[in-house]
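Guided by the hints, dock chain B with the ligands onto chain A, whose structure is given.
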Amino acid sequence: MSGDINRQMSHMSEASSMGSDGNSSEDLEEDNDYYMDNTDDLDLDCPSKADDPEYFEYEPLQLIDAEGMLNEEIETLCTKLKVNPSTAKMLLFGHNWNKEEIIENYQRDPQGFLIESHLASRRKHDKLVGARPTCSVCCRDFTSDSFLSLACGHMFCRECWDMHFQTQIQDGVTTGIECMGKECSILVPEDFVFEVLTQPKLRDKYSKFSFNDLIKSHPRLRFCPGIDCSVIIKAKECKAKKVECQACGAIFCFKCGLNYHAPTDCAVVKKWLTKCEDDSETANYISAHTKDCPRCHVCIEKNGGCNHMQCPSCKCDFCWMCLGDWNNHGSEYYECSRYKENPNIAHESMHVQAREALKKYLFYYGRWENHAKSLQLEELTTDKIQTRTQKKVMNNEGTWIDWQYLLQAAALLKKCRYTLQYTYPYAYYMEKGSRKELFEYQQSQLESEVENLSWKVERAEIVDRGELENQMDIAEKRRQTLLKDFLEV
Amino acid sequence: MSGLPRRIIKETQRLMAEPVSGITAVPDEHNSRYFHVVVAGPSQSPYEGGLFKLELFLPEEYPMSAPKVRFMTKIYHPNIDKLGRICLDILKDKWSPALQIRTVLLSIQALLSAPNPDDPLDNNVADHWKSNEKSAIDQARQWTQTYAKSNMNNH
Ligand SMILES: [Zn+2]
Ligand SMILES: [Zn+2]
Ligand SMILES: [Zn+2]
Ligand SMILES: [Zn+2]
Ligand SMILES: [Zn+2]
Ligand SMILES: [Zn+2]
Numbered sequence: 001m002s003g004d005i006n007r008q009m010s011h012m013s014e015a016s017s018m019g020s021d022g023n024s025s026e027d028l029e030e031d032n033d034y035y036m037d038n039t040d041d042l043d044l045d046c047p048s049k050a051d052d053p054e055y056f057e058y059e060p061l062q063l064i065d066a067e068g069m070l071n072e073e074i075e076t077l078c079t080k081l082k083v084n085p086s087t088a089k090m091l092l093f094g095h096n097w098n099k100e101e102i103i104e105n106y107q108r109d110p111q112g113f114l115i116e117s118h119l120a121s122r123r124k125h126d127k128l129v130g131a132r133p134t135c136s137v138c139c140r141d142f143t144s145d146s147f148l149s150l151a152c153g154h155m156f157c158r159e160c161w162d163m164h165f166q167t168q169i170q171d172g173v174t175t176g177i178e179c180m181g182k183e184c185s186i187l188v189p190e191d192f193v194f195e196v197l198t199q200p201k202l203r204d205k206y207s208k209f210s211f212n213d214l215i216k217s218h219p220r221l222r223f224c225p226g227i228d229c230s231v232i233i234k235a236k237e238c239k240a241k242k243v244e245c246q247a248c249g250a251i252f253c254f255k256c257g258l259n260y261h262a263p264t265d266c267a268v269v270k271k272w273l274t275k276c277e278d279d280s281e282t283a284n285y286i287s288a289h290t291k292d293c294p295r296c297h298v299c300i301e302k303n304g305g306c307n308h309m310q311c312p313s314c315k316c317d318f319c320w321m322c323l324g325d326w327n328n329h330g331s332e333y334y335e336c337s338r339y340k341e342n343p344n345i346a347h348e349s350m351h352v353q354a355r356e357a358l359k360k361y362l363f364y365y366g367r368w369e370n371h372a373k374s375l376q377l378e379e380l381t382t383d384k385i386q387t388r389t390q391k392k393v394m395n396n397e398g399t400w401i402d403w404q405y406l407l408q409a410a411a412l413l414k415k416c417r418y419t420l421q422y423t424y425p426y427a428y429y430m431e432k433g434s435r436k437e438l439f440e441y442q443q444s445q446l447e448s449e450v451e452n453l454s455w456k457v458e459r460a461e462i463v464d465r466g467e468l469e470n471q472m473d474i475a476e477k478r479r480q481t482l483l484k485d486f487l488e489v
Numbered sequence: 490m491s492g493l494p495r496r497i498i499k500e501t502q503r504l505m506a507e508p509v510s511g512i513t514a515v516p517d518e519h520n521s522r523y524f525h526v527v528v529a530g531p532s533q534s535p536y537e538g539g540l541f542k543l544e545l546f547l548p549e550e551y552p553m554s555a556p557k558v559r560f561m562t563k564i565y566h567p568n569i570d571k572l573g574r575i576c577l578d579i580l581k582d583k584w585s586p587a588l589q590i591r592t593v594l595l596s597i598q599a600l601l602s603a604p605n606p607d608d609p610l611d612n613n614v615a616d617h618w619k620s621n622e623k624s625a626i627d628q629a630r631q632w633t634q635t636y637a638k639s640n641m642n643n644h
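Protein sequence lines, in the order shown, are assigned to chains A and B. Using the numbering used here, you'd call the opening residue of the first sequence number 1 and step up by one each time. Using the numbering used here, you'd call the opening residue of the second sequence number 490 and step up by one each time.
Because the hints were derived from the structure by calculation, they are not lab data. Please read these numbers as outputs of a predicted model, since none were measured by experiment. Cβ coordinates follow ideal geometry from the N, Cα and C atoms, glycine included. One or more hints might be untrue.
[Claimed, not checked] To list a few chain A residues with every Cβ distance to chain B over 10 angstroms, as calculated:
#, residue
1, ASN105
2, MET430
3, LEU487
[Stated by the list, open to error] In silico DSSO-like links for lysine-lysine, alpha-carbon gap of 30 angstroms or less:
#, chain 1, residue 1, chain 2, residue 2
4, A, LYS201, B, LYS583
5, B, LYS583, A, LYS270
6, A, LYS182, A, LYS201
7, B, LYS499, B, LYS557
8, A, LYS415, A, LYS384
9, A, LYS182, B, LYS557
10, A, LYS271, B, LYS581
11, A, LYS208, B, LYS499
12, B, LYS581, A, LYS124
13, B, LYS619, A, LYS275
14, B, LYS583, A, LYS124
Pulled out of the complex, with its shape left as it was, chain A reads as follows:
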């Protein structure tokens, strides 16, 4: 790294030493397969996928395909149980789309199961008295044929039902509409709603909302959370695994729909994000774009993702996060990512404990936030690589294929740093003990290799291709090791 001097401030400046050193295209393809996300490729036979802790089978569906899939499941149940589609839909919706369980329970005791599912009742039907009975909701009199009831026998006039449905649908309630009766939780099936509902506009709204409800209730379907994205993801099983939407690029957890968060699990990441939001005032001061060099105190601006900094003035190497000497960061005893708790904290006063708790949170939050920022800055690095590659190709200095490894390095860096960012909420909530020690050890290893990779990617033009590819391999191996040991799904 002797040639790196003065480059901290001007990464990726023009240089012509970037060259292919004769790696065969075969090697390249192998590497490709190893770290590229070929999410459309569901080939199980590939050995690298079998032990990839993040491997997950899923496919994108368009609305119409998802609708077809739901209808198929509904039809199967109709045929099997001899119930109408509205009832089948409500049963599937209410029972997690578990057909086997529904069929078994229904066949054992049809009436009991329908009652339990809020679709039938043992209640005696209301008796309508006189030629023009009174509707108890509107207090007006109608002929008996204007009255309608669900399985529970609560009689109300058609107009009141219509008004009830209108109000509910306006509020976004569809599959959950209940009978108007006091303390009656009988559900209103779709066919009953459509028979009564007079406004065609609300019919459409009902269809749309209830379709959304059905998708959301289905354990193997998820709406892509991407903004304005209409893709529905279909997976084989409901697990907290990574989904990458090819339509909009969103990367999210299939189970909870939040940004993908391995190795942290759904509940913990949710807790963490809520905490960060609640404490955003306290943590505000952390965000800084400039820091002073720990040795010569010159003001340094961070304009790359790498946290291994080199002072442009005195050339000392230091860590952006802790301002410590970088040389300590590469060792087995790397301590920068580990929070050292006060061992006597239990005996301290409430006041000291509160201060310690805040200190601990800020330690983890600072690192979490810093990696998020580095990711943003590294996005710019990718753009630069792209522009420069374009230029090289135009000048006939190699083909796209020759320079592809640079983009692959940038993509891999992003992936590794992303996982690294999500190790911090995991560590924050971890109980003290040997498992935490192992986690922190692997975290520090990943931390150190990610920064090495970032350093090299930012200096890709003067770093030997073989060296860069080796660094990629090491970083990804560290990431995989950590996930294999700690990703629980």
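Then chain B with the ligands, alone, in the frame of chain A:
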């Protein structure tokens, strides 16, 4: 007032003819959908001896939508917040068009007899209730004396 739904007319008539004990609900002279309500603090509750003013409004969609009810008199209660809003299931998702104004008022009266700090609207009050019920009840009693004394001069 013309155009008032028959349901509201009927309910109002019945509230006048057979009032709920401990509660008065009188429609406003200019707006038949707006009721001036006074609830007497139930005996053996920290609100005993107090008279609590509430407003009750029947929205356009009533009875498809629940009435809107709010305490006007200050009250120390885990399910009622500083603005007088009430945390009561039948005023929210458990509303049914078959329920009536009188059911709502009876439920509010019951809520005064049995506060439920596990489903709080005001977290501070609820925490107080859970950590030191005796002290919270004292506080509620004190507020009743200060803000809800029967002469109705305060609110
Ligand atoms: Zn009616
Ligand atoms: Zn009913
Ligand atoms: Zn998408
Ligand atoms: Zn998740
Ligand atoms: Zn310096
Ligand atoms: Zn450090």
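Outcome of the hint check:
Listed as outside the interface, A/ASN105 is consistent with that label: its C-beta sits roughly 27 angstroms from the nearest C-beta of chain B, beyond the 10 angstroms cut-off. For A/MET430, the requirement that its beta carbon stay farther than 10 angstroms from each beta carbon of chain B is met, with the minimum near 29 angstroms. With a least CB separation of 36 angstroms from chain B, A/LEU487 remains clear of the 10 angstroms interface cut-off, as annotated. The straight-line distance between the Cα atoms of A/LYS201 and B/LYS583 is roughly 26 angstroms, inside the 30 angstroms bound, and the hint therefore holds.
Straight-line distance between C-alpha atoms of B/LYS583 and A/LYS270 comes to about 29 angstroms, which keeps the hinted pair within the 30 angstroms bound. Pair hint A/LYS182 plus A/LYS201 holds up; C-alpha atoms about 29 angstroms apart against a cutoff of 30 angstroms. In summary, the hint linking B/LYS499 to B/LYS557 is supported, as the alpha carbons are separated by about 19 angstroms, within the 30 angstroms threshold. Distance check on the hinted pair: A/LYS415 and A/LYS384 sit about 18 angstroms apart at the alpha-carbon level, within 30 angstroms; holds.
Only pairs whose Cα atoms come within 30 angstroms are accepted, and A/LYS182 paired with B/LYS557 is accepted, the gap being roughly 18 angstroms. Note on A/LYS271 and B/LYS581: the hinted pairing holds, with a Cα-Cα distance of about 27 angstroms set against a maximum of 30 angstroms. For the hint linking A/LYS208 to B/LYS499, the alpha-carbon distance of about 38 angstroms lies beyond 30 angstroms, and the restraint is violated. The suggested pairing of B/LYS581 with A/LYS124 holds, with an alpha-carbon distance near 28 angstroms, which does not exceed 30 angstroms.
Only pairs whose Cα atoms come within 30 angstroms are accepted, and B/LYS619 paired with A/LYS275 is accepted, the gap being roughly 24 angstroms. Using a Cα cut-off of 30 angstroms, the hinted pair B/LYS583 and A/LYS124 holds, with the two alpha carbons roughly 23 angstroms apart.
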